[in-house]
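One-letter residues, chain by chain:
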Amino acid sequence: MNDRVKSKTGVLFGVCAALIVGVGLAVSATAQTPPAAPAAPPSPASQAIAVRKAIYTLIGANFRPIGDALKGSATYDSAELVKRATRVAYFAGLAQEAFPDVSSSGDTKARPEIWTNRADFDKRLRDFQSHAQALVQVATNETPSSDAFKAAAGAVGQDCKGCHDNYRAK
Amino acid sequence: MAKVWDATESSSAASDTAATVAIDPPQRRVWDLPVRVCHWLLVAAFITSYVTNRLGVTYFKYHVWSGYTVIVLVSFRLLWGLVGTRHARFSNFVRGPIHTLRYAVGWFRGEARSYAGHNPLGAWMVIALLMALFVQSASGLFGNDEIFNVGPLYGFVTNETSLKLTSLHRILFYWLLAAAIVHVLAVIAHRVFKKESLVVPMFTGKKAYHVVPKSEVIDTSRIWLAILLIFLLGAGLTWLVAHAPIAQYEE
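Chains as they are written, first to last, in our numbering: chain A, 1 to 170; chain B, 1 to 251.
Misleading hints may appear alongside valid ones.
Stated by the list, open to error - Residues of chain B placed beyond 12 Å of chain A at every Cβ, according to the derived structure:
{"hint": "1", "residue": "Met131"}
{"hint": "2", "residue": "Ala180"}
{"hint": "3", "residue": "Lys194"}
{"hint": "4", "residue": "Ile246"}
To be verified - In silico lysine-lysine, DSS-like type, Cα no more than 27 Å apart, as pairs:
{"hint": "5", "chain 1": "A", "residue 1": "Lys71", "chain 2": "B", "residue 2": "Lys61"}
{"hint": "6", "chain 1": "A", "residue 1": "Lys150", "chain 2": "B", "residue 2": "Lys61"}
{"hint": "7", "chain 1": "A", "residue 1": "Lys83", "chain 2": "A", "residue 2": "Lys150"}
{"hint": "8", "chain 1": "A", "residue 1": "Lys170", "chain 2": "B", "residue 2": "Lys61"}
I should point out that these hints are in silico values taken from the structure, not numbers from a laboratory.
For glycine and all other residues, C-beta sits at the position ideal for the given N, C-alpha and C.
Between the sequences and the hints, there should be enough to build the whole structure, so can you do that?
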């Protein structure tokens with residue numbers, strides 16, 4: 001085969017390979033969640049996991065307005081932000097009891113390192129709660145555009161990210 | 001096969017002429033300016049994307065900007081591979097599996113020839129990196145960090161889809177990193193064992209005359225076409241981002 005035919009074969013091969021890789025990636029990205037299992041009495045593990053997911057859903061829903069205020073994409077008055085931060089601090093406390101040993105296996109993104117590095121993980125949860133409590137104080141006295149608010153809200157956000165990056169499956 | 005002239009060999013009693021030739025062989029242009037700028041900007045954007053992610057949640061907007069840079073550059077390079085100068089075109093350097101395998105085996109035997117453009121193995125790394133960078137930057141556009149940041153096109157998809165794409169975005173990074181490391185090691189190996197620098201030509205655009213037949217020299221960079229393409233791609237991305245639905249949150 002001369003070079004021109006070789007190049008065209010190469011391009012054809014390349015396009016097919018790229019399509020296969022692309023489809024493979026798309027399928028694997030969308031095929032992560034297993035299909036719902038038939039109804040069965042809930043095990044202690046699945047109950048603990050369901051409670052944990054509920055706690056974090058509530059944390060997320062209440063922290064989002066704080067994030068929007070931080071980014072300046074929405075405005076909230078001080079009372080609203082204090083209410084949200086108070087809830088986040090309360091749920092952060094609940095989160096400390098949301099990782100019993102039995103909940104390490106099941107439909108969860110919690111990584112095994114949580115239970116092998118328990119001391120570090122627990123410390124992160126306590127830091128999360130104390131930063132959230134500090135945010136309540138700051139939100140009472142400062143506007144979202146102030147440096148103090150940005151620092152306090154940013155610290156809580158960093159707690160979220162630090163834990164997720166290290167202890168939550170990707 | 002003609003012996004590949006070895007720049008590090010110098011005759012023992014080197015005359016002035018031989019020494020000059022050994023140090024500075026005539027150069028011929030193979031890489032146009034858009035390819036070179038694209039390559040190094042992508043390196044910078046990839047590193048910036050990583051750093052802005054590690055810096056934390058408040059640096060997200062910079063992460064988005066370096067992500068925009070990646071997707072515009074990669075999209076440009078994919079188009080340029082169709083309409084660019086000779087050695088930028090995929091049809092010029094992408095070769096089938098048999099040819100590539102033969103090159104790889106020959107490489108380890110020290111027999112492989114030199115190429116004016118990308119060699120067959122490098123060609124596949126180019127394709128792999130471009131595809132991976134495209135998927136990475138595209139998936140990021142729809143992301144949700146579940147803290148308080150969402151990607152600019154988040155409003156186009158359901159939250160469930162966004163989370164799957166975010167998961168892909170996180171995992172794919174490690175594959176990209178591995179590919180980049182292999183790429184760097186291969187370029188180093190090329191310099192050490194084949195005694196050909198590939199980094200310098202990617203800056204200057206020129207390779208030594210003995211690896212570039214006269215028919216394979218490029219005489220123009222088609223810069224105006226490149227600028228037009230970049231502008232159109234940037235405008236397209238801007239339009240898409242501006243028209244994304246406002247994110248609806250299920251509360």
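Verification of the supplied hints:
no.	hint	result
1	Met131	violated, 6 Å
2	Ala180	holds, 17 Å
3	Lys194	holds, 21 Å
4	Ile246	violated, 10 Å
5	Lys71(A) / Lys61(B)	holds, 10 Å
6	Lys150(A) / Lys61(B)	holds, 15 Å
7	Lys83(A) / Lys150(A)	holds, 17 Å
8	Lys170(A) / Lys61(B)	holds, 21 Å
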